[in-house]
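**Q** This is what each chain is made of:
2 protein chains.
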Amino acid sequence: MRLLWQRSGMLQKLMLQRKHYRRWLATTTASARGNGQEEKYNARYKWRKPECKAEMLLYGVCWTGGLGLAYFLLSQRGESEAKLDDEALARLWHITVRKDLPTYKAEQVEQHNAPDKRIWVTFGLGVYDVTEFAENHPGGDKIMMAAGSAIDPFWAIYQQHNTLEVLELLESFRIGNLEGVTVANTDEELGSPWAQEPKRHALLKPASKRPFNAEPPIGLLAEKFYTPNELFYVRNHLPVPVLAPEEYELEIDAGGGEQKEPLTLTLAQIKALPKHTVTAAIMCGGNRRSEMTSIKAVKGLSWGAGAVGNAKWSGARLCDLLREQGVQPNESMHVIFEGADLDPTSHPYGASIPLSKALDPRGDVILAYEMNDNPLTRDHGYPIRVIVPGTVGARNVKWLTRIVVADHESDSHWQQNDYKGFSPSTDWDTVDFGKADAIQAMPVTSAICTPLPGERVKVNPQDGYITVRGYAWSGGGRKILRVDLTGDAGQTWHVAELEQEDAPDGRHYGWSLWTARLPITKDQQEQEQVEIWAKAVDSAYNVQPEKFEHIWNLRGVLANAYHKVKVKLA
Amino acid sequence: MRLLWQRSGMLQKLMLQRKHYRRWLATTTASARGNGQEEKYNARYKWRKPECKAEMLLYGVCWTGGLGLAYFLLSQRGESEAKLDDEALARLWHITVRKDLPTYKAEQVEQHNAPDKRIWVTFGLGVYDVTEFAENHPGGDKIMMAAGSAIDPFWAIYQQHNTLEVLELLESFRIGNLEGVTVANTDEELGSPWAQEPKRHALLKPASKRPFNAEPPIGLLAEKFYTPNELFYVRNHLPVPVLAPEEYELEIDAGGGEQKEPLTLTLAQIKALPKHTVTAAIMCGGNRRSEMTSIKAVKGLSWGAGAVGNAKWSGARLCDLLREQGVQPNESMHVIFEGADLDPTSHPYGASIPLSKALDPRGDVILAYEMNDNPLTRDHGYPIRVIVPGTVGARNVKWLTRIVVADHESDSHWQQNDYKGFSPSTDWDTVDFGKADAIQAMPVTSAICTPLPGERVKVNPQDGYITVRGYAWSGGGRKILRVDLTGDAGQTWHVAELEQEDAPDGRHYGWSLWTARLPITKDQQEQEQVEIWAKAVDSAYNVQPEKFEHIWNLRGVLANAYHKVKVKLA
Numbered sequence: 001m002r003l004l005w006q007r008s009g010m011l012q013k014l015m016l017q018r019k020h021y022r023r024w025l026a027t028t029t030a031s032a033r034g035n036g037q038e039e040k041y042n043a044r045y046k047w048r049k050p051e052c053k054a055e056m057l058l059y060g061v062c063w064t065g066g067l068g069l070a071y072f073l074l075s076q077r078g079e080s081e082a083k084l085d086d087e088a089l090a091r092l093w094h095i096t097v098r099k100d101l102p103t104y105k106a107e108q109v110e111q112h113n114a115p116d117k118r119i120w121v122t123f124g125l126g127v128y129d130v131t132e133f134a135e136n137h138p139g140g141d142k143i144m145m146a147a148g149s150a151i152d153p154f155w156a157i158y159q160q161h162n163t164l165e166v167l168e169l170l171e172s173f174r175i176g177n178l179e180g181v182t183v184a185n186t187d188e189e190l191g192s193p194w195a196q197e198p199k200r201h202a203l204l205k206p207a208s209k210r211p212f213n214a215e216p217p218i219g220l221l222a223e224k225f226y227t228p229n230e231l232f233y234v235r236n237h238l239p240v241p242v243l244a245p246e247e248y249e250l251e252i253d254a255g256g257g258e259q260k261e262p263l264t265l266t267l268a269q270i271k272a273l274p275k276h277t278v279t280a281a282i283m284c285g286g287n288r289r290s291e292m293t294s295i296k297a298v299k300g301l302s303w304g305a306g307a308v309g310n311a312k313w314s315g316a317r318l319c320d321l322l323r324e325q326g327v328q329p330n331e332s333m334h335v336i337f338e339g340a341d342l343d344p345t346s347h348p349y350g351a352s353i354p355l356s357k358a359l360d361p362r363g364d365v366i367l368a369y370e371m372n373d374n375p376l377t378r379d380h381g382y383p384i385r386v387i388v389p390g391t392v393g394a395r396n397v398k399w400l401t402r403i404v405v406a407d408h409e410s411d412s413h414w415q416q417n418d419y420k421g422f423s424p425s426t427d428w429d430t431v432d433f434g435k436a437d438a439i440q441a442m443p444v445t446s447a448i449c450t451p452l453p454g455e456r457v458k459v460n461p462q463d464g465y466i467t468v469r470g471y472a473w474s475g476g477g478r479k480i481l482r483v484d485l486t487g488d489a490g491q492t493w494h495v496a497e498l499e500q501e502d503a504p505d506g507r508h509y510g511w512s513l514w515t516a517r518l519p520i521t522k523d524q525q526e527q528e529q530v531e532i533w534a535k536a537v538d539s540a541y542n543v544q545p546e547k548f549e550h551i552w553n554l555r556g557v558l559a560n561a562y563h564k565v566k567v568k569l570a
Numbered sequence: 001m002r003l004l005w006q007r008s009g010m011l012q013k014l015m016l017q018r019k020h021y022r023r024w025l026a027t028t029t030a031s032a033r034g035n036g037q038e039e040k041y042n043a044r045y046k047w048r049k050p051e052c053k054a055e056m057l058l059y060g061v062c063w064t065g066g067l068g069l070a071y072f073l074l075s076q077r078g079e080s081e082a083k084l085d086d087e088a089l090a091r092l093w094h095i096t097v098r099k100d101l102p103t104y105k106a107e108q109v110e111q112h113n114a115p116d117k118r119i120w121v122t123f124g125l126g127v128y129d130v131t132e133f134a135e136n137h138p139g140g141d142k143i144m145m146a147a148g149s150a151i152d153p154f155w156a157i158y159q160q161h162n163t164l165e166v167l168e169l170l171e172s173f174r175i176g177n178l179e180g181v182t183v184a185n186t187d188e189e190l191g192s193p194w195a196q197e198p199k200r201h202a203l204l205k206p207a208s209k210r211p212f213n214a215e216p217p218i219g220l221l222a223e224k225f226y227t228p229n230e231l232f233y234v235r236n237h238l239p240v241p242v243l244a245p246e247e248y249e250l251e252i253d254a255g256g257g258e259q260k261e262p263l264t265l266t267l268a269q270i271k272a273l274p275k276h277t278v279t280a281a282i283m284c285g286g287n288r289r290s291e292m293t294s295i296k297a298v299k300g301l302s303w304g305a306g307a308v309g310n311a312k313w314s315g316a317r318l319c320d321l322l323r324e325q326g327v328q329p330n331e332s333m334h335v336i337f338e339g340a341d342l343d344p345t346s347h348p349y350g351a352s353i354p355l356s357k358a359l360d361p362r363g364d365v366i367l368a369y370e371m372n373d374n375p376l377t378r379d380h381g382y383p384i385r386v387i388v389p390g391t392v393g394a395r396n397v398k399w400l401t402r403i404v405v406a407d408h409e410s411d412s413h414w415q416q417n418d419y420k421g422f423s424p425s426t427d428w429d430t431v432d433f434g435k436a437d438a439i440q441a442m443p444v445t446s447a448i449c450t451p452l453p454g455e456r457v458k459v460n461p462q463d464g465y466i467t468v469r470g471y472a473w474s475g476g477g478r479k480i481l482r483v484d485l486t487g488d489a490g491q492t493w494h495v496a497e498l499e500q501e502d503a504p505d506g507r508h509y510g511w512s513l514w515t516a517r518l519p520i521t522k523d524q525q526e527q528e529q530v531e532i533w534a535k536a537v538d539s540a541y542n543v544q545p546e547k548f549e550h551i552w553n554l555r556g557v558l559a560n561a562y563h564k565v566k567v568k569l570a
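Sequences listed follow chains A and B, in order.
Counting with UniProt numbering, you get residues 1 to 570 for the letters of the first sequence.
Counting with UniProt numbering, you get residues 1 to 570 for the letters of the second sequence.
Among the hints, erroneous ones may be present.
[What the hints assert, rightly or not] Straight-line alpha carbon distances no greater than 25 Å define the calculated PhoX-like cross-link-like pairs of lysine-lysine that follow:
| id | chain 1 | residue 1 | chain 2 | residue 2 |
| --- | --- | --- | --- | --- |
| 1 | A | Lys296 | B | Lys224 |
| 2 | B | Lys566 | B | Lys547 |
| 3 | B | Lys566 | B | Lys224 |
| 4 | B | Lys312 | B | Lys199 |
| 5 | B | Lys224 | B | Lys205 |
| 6 | B | Lys522 | A | Lys547 |
| 7 | B | Lys566 | A | Lys547 |
| 8 | B | Lys435 | B | Lys299 |
| 9 | B | Lys117 | B | Lys142 |
| 10 | B | Lys205 | B | Lys299 |
| 11 | A | Lys205 | A | Lys224 |
| 12 | A | Lys224 | A | Lys312 |
| 13 | A | Lys142 | A | Lys312 |
| 14 | A | Lys564 | B | Lys547 |
| 15 | A | Lys547 | B | Lys564 |
| 16 | A | Lys547 | B | Lys205 |
| 17 | A | Lys205 | A | Lys296 |
| 18 | A | Lys564 | A | Lys205 |
| 19 | A | Lys566 | B | Lys547 |
| 20 | B | Lys522 | B | Lys566 |
| 21 | A | Lys458 | A | Lys522 |
Keep in mind that the hints were calculated from the coordinates and are not lab data.
Given only the sequences and the hints, what does the whole structure look like? Please build it.
**A** Next comes the structure, spelled out in structure tokens:
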């Protein structure tokens, strides 16, 4: 009987999914045709509304886990991955009753919601005691929001939990089974916050799918000074919100003791302000993390060197807007940005920058509605995102809905407990996010885009050279002065030709592309290989560190050591 | 007869020197007593005036070189140095007639003053053909000012020529002897531009005496957050000028198409402007050069890690003055500073900064008359120097007499052909100073001040730690976020405690002192030694490079690799 009910639920789900998939395909294909007009959206904040949440629950609560059936279904899924067997099994643990453990009622679990009463959480029908772990939770205090209740809705958003390692860790905390539970299916599509994700270019290689995080092939990256919008890396922390342009509003709370009413601007009003254009590269704090990981594991998306792009952004200058609102320079103030992308507790994505950056005309902070002369795409913050040139991507808040001038930084997870650097010897037992500074300006970096690692490169028979190409960038508006290449571990260095905008230093926010001709020695020819190193120097004559060992940090951010690429010679 | 004349000249010289020395001692001792009042100077620009030059010549032309006598005199000099024998002999070459070479008249030499006519110069009674060398002259075009004439007055100023290597190089260009010459004695004191150098603290260790360049013992440097004025490193490029406060004038030429009359300000007028105080470390571009030299020789003064100091500077804000003069922001303009210190052609020391830095209220550029609440000392620019916080020392022009807003950088030697960085593979044959950017903001650095290299350090018997102390600083107002120490070549890192001003980032111009407790392993105890490494991280999360090999440059500037100090353990 129970099995039958499960099957009928599954069928219902599959049919709904298929129907929804067709609808989704139709809309995204239409928008991908891109006739230059803005897409029309029927819903705004759809999944935020209570009825939407009920819908999620309704469709989600369709089946209870049964080992055999689930395994069957999993093995049928298209998304086959390495380690499927181990991971697939691990994904069943929380929907499997462990007969060696006691069973608890939801009311019992609820009482364990603080360290002194122990911290219990549930996932599926598993009950877990995470008291000791909570302190060291990489996501910080967020875990306490689930204390005494279910972590399922959080994990649906923060899909970085969906790894064998995390599932194993969780199961090690298991203390029991939850009585009479129906398990939400995390694969549920229709009505879920992920239901309205935009369609992405096939060449974007995802580091994670939910939230969507993807980079273009690095071999294409140095092809164009302005990165094509559809190949620009995407770094989403939450589901992409659906914002209707005609309903869009930006609230600006400029503070001030006089209890000033916040300013509210429509999209049309923002577009009516003087248009300011700035070329700026945006780089993820975790760009090149995969190279750091190769030294020692870190927590975070495994980005290659493609979590960066360079674009021409246009919009209204924030400094003008703030000054019109009477905001005066103040060294201890901050400007907080909030996005329309919400976490399961309805808290928006948020970040902040110092007021001094926001007020500085040379800071070139803009409320951007155009990227390379086209309207922003949904993945890049349609209709408005803030561009904070020279500053780590995480502060360039997308789907911007609110700006607050405040005497403190954003209290968001991403400002307080993420995007910070630590000493290589700081581990998850000793880390104190409160003691490190939020990353703002990024350090100098560079990467070799072509040739690719392992590529077979033809040496020019006339002169014995190979051609190497890549990008370089530094934060804070610091211009790239030089990129040096070596093929012999630094015994000789060869200076690259730079392609860069003629922007003044301190305001040089775009990246520099570079091309170098690297001489190949007879030895290298005979060995049929060479390891190329690249290092950039910025206008403060800061230079990249040589290797990752001494800049390693547990979050894998700021991975700016020399880029080293081994290639084969033909 | 000739010898007798020489002897009488020598006697006359020695007597004059003694008399002058007594006078000099009396005045400088009085000023060193420092009762807080400004020193009174009788002469202004004394050695610039024509009568002064005549004086120089009169006293200078006292003896013609005779090998035996000169050698006798040299061997009597108190300034004994290593390599005295070789160097002492080399110093006689230019006052020795080479019988294997022809003799030329001054008029003949004069005709060889351009590459197409060959470039000849004289030094003492030597005639040299420097045509091929001129292109690669480390001092750039300056050499052409001596084309067809004597280099003696230049070398009297640029005493970096006074090395065995340079003398040997010069002698290799020798083509003849100059007819009927009297040789100026470069040791001449009275009337020379060096006659009125101030008295310096005995603890300042000179890297060169003329011009005076000296640093304090590094062991003292981290003792005080504000470096005592008398121990603050001194970096002079030319003789110290003598400026009378009541006669001092600063000319400000704000440019402008309307042929505006330049503004002239007296010292009293500058002091009457609103007083602005900023804590700023000033660092020489060549600080820590001696560590870079240990990898491979470079040209430049052999600075230790003490060519830096931290002070509280007070004066008038340049941005206010410029704005009052109607100067508007312009990204392609520069502000040129000229000092009262003159080279032998009466060209002043000069440097420039971008106008954007000068106009930025957060740039905190001031016309300083106080250093740590006391009037500037003569060595530090009395009565006025410009303080350009966050910017290499060379742009903080001392004895400031002129400010020009211009559409180009300063054309001084020090802006154009010095204080620039190059790739490690750039040598004196390939260097093109025109292609590199003048150093402005400095990169992040740090140094271990105690213990000193080779020092025997007692390990705390209770906890097995040693205490390490030093400084860290970054240019461009970037705050130091962290200093990491390791005693095991980077296997474990220990974060230092910072002592720093509570200044906002971007405007954090002072240095940070730091103290770390470094654990000593049993292995290190047994080997009775440990090598300590320090590295700093600034607010753009830039980090020092690991070693000097890959940042080596022919001028030995920007020497900011990890500081590594080996100590003995007790």
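**Q** All the hints need checking, so say for each whether the structure fits it.
**A** Okay, the hints, checked on the actual structure:
1. The suggested pairing of lysine 296(A) with lysine 224(B) is violated, with an alpha-carbon distance near 40 Å, which exceeds 25 Å.
2. Taking the CA atoms of lysine 566(B) and lysine 547(B), the gap is about 15 Å. The hint holds against a cut of 25 Å.
3. With a CA separation close to 24 Å, the supplied pair lysine 566(B) and lysine 224(B) stays within the 25 Å bound.
4. In summary, the hint linking lysine 312(B) to lysine 199(B) is supported, as the alpha carbons are separated by about 23 Å, within the 25 Å threshold.
5. Straight-line distance between C-alpha atoms of lysine 224(B) and lysine 205(B) comes to about 18 Å, which keeps the hinted pair within the 25 Å bound.
6. Taking the CA atoms of lysine 522(B) and lysine 547(A), the gap is near 28 Å; set against the 25 Å cutoff, the hint is violated.
7. Taking the CA atoms of lysine 566(B) and lysine 547(A), the gap is near 23 Å; set against the 25 Å cutoff, the hint holds.
8. The suggested pairing of lysine 435(B) with lysine 299(B) holds, with an alpha-carbon distance near 19 Å, which does not exceed 25 Å.
9. Restraint check for lysine 117(B) and lysine 142(B): the C-alpha separation of about 18 Å stays at or below 25 Å, so the hint holds.
10. For the hint pairing lysine 205(B) with lysine 299(B), the CA-to-CA distance comes to about 19 Å; that is within 25 Å, so the pair holds.
11. Using a Cα cut-off of 25 Å, the hinted pair lysine 205(A) and lysine 224(A) holds, with the two alpha carbons roughly 18 Å apart.
12. With a CA separation close to 12 Å, the supplied pair lysine 224(A) and lysine 312(A) stays within the 25 Å bound.
13. Distance hint between lysine 142(A) and lysine 312(A) is unfulfilled; the C-alpha atoms sit about 36 Å from each other, more than 25 Å.
14. The suggested pairing of lysine 564(A) with lysine 547(B) holds, with an alpha-carbon distance near 17 Å, which does not exceed 25 Å.
15. Of the pairs offered as hints, the one joining lysine 547(A) and lysine 564(B) holds, with about 17 Å between alpha carbons and a cut-off of 25 Å not exceeded.
16. For the suggested pair lysine 547(A) and lysine 205(B), the alpha carbons sit about 36 Å apart, so the restraint of at most 25 Å is broken.
17. Of the supplied pair hints, the one linking lysine 205(A) and lysine 296(A) holds, its CA atoms being roughly 23 Å apart against a limit of 25 Å.
18. Straight-line distance between C-alpha atoms of lysine 564(A) and lysine 205(A) comes to about 21 Å, which keeps the hinted pair within the 25 Å bound.
19. For the hint linking lysine 566(A) to lysine 547(B), the alpha-carbon distance of about 23 Å falls within 25 Å, and the restraint holds.
20. For the hint linking lysine 522(B) to lysine 566(B), the alpha-carbon distance of about 17 Å falls within 25 Å, and the restraint holds.
21. This hinted pair checks out: lysine 458(A) and lysine 522(A) have alpha carbons roughly 14 Å apart, not beyond 25 Å.
Of the numbered hints given earlier, the model fails hints 1, 6, 13 and 16; all others are met.
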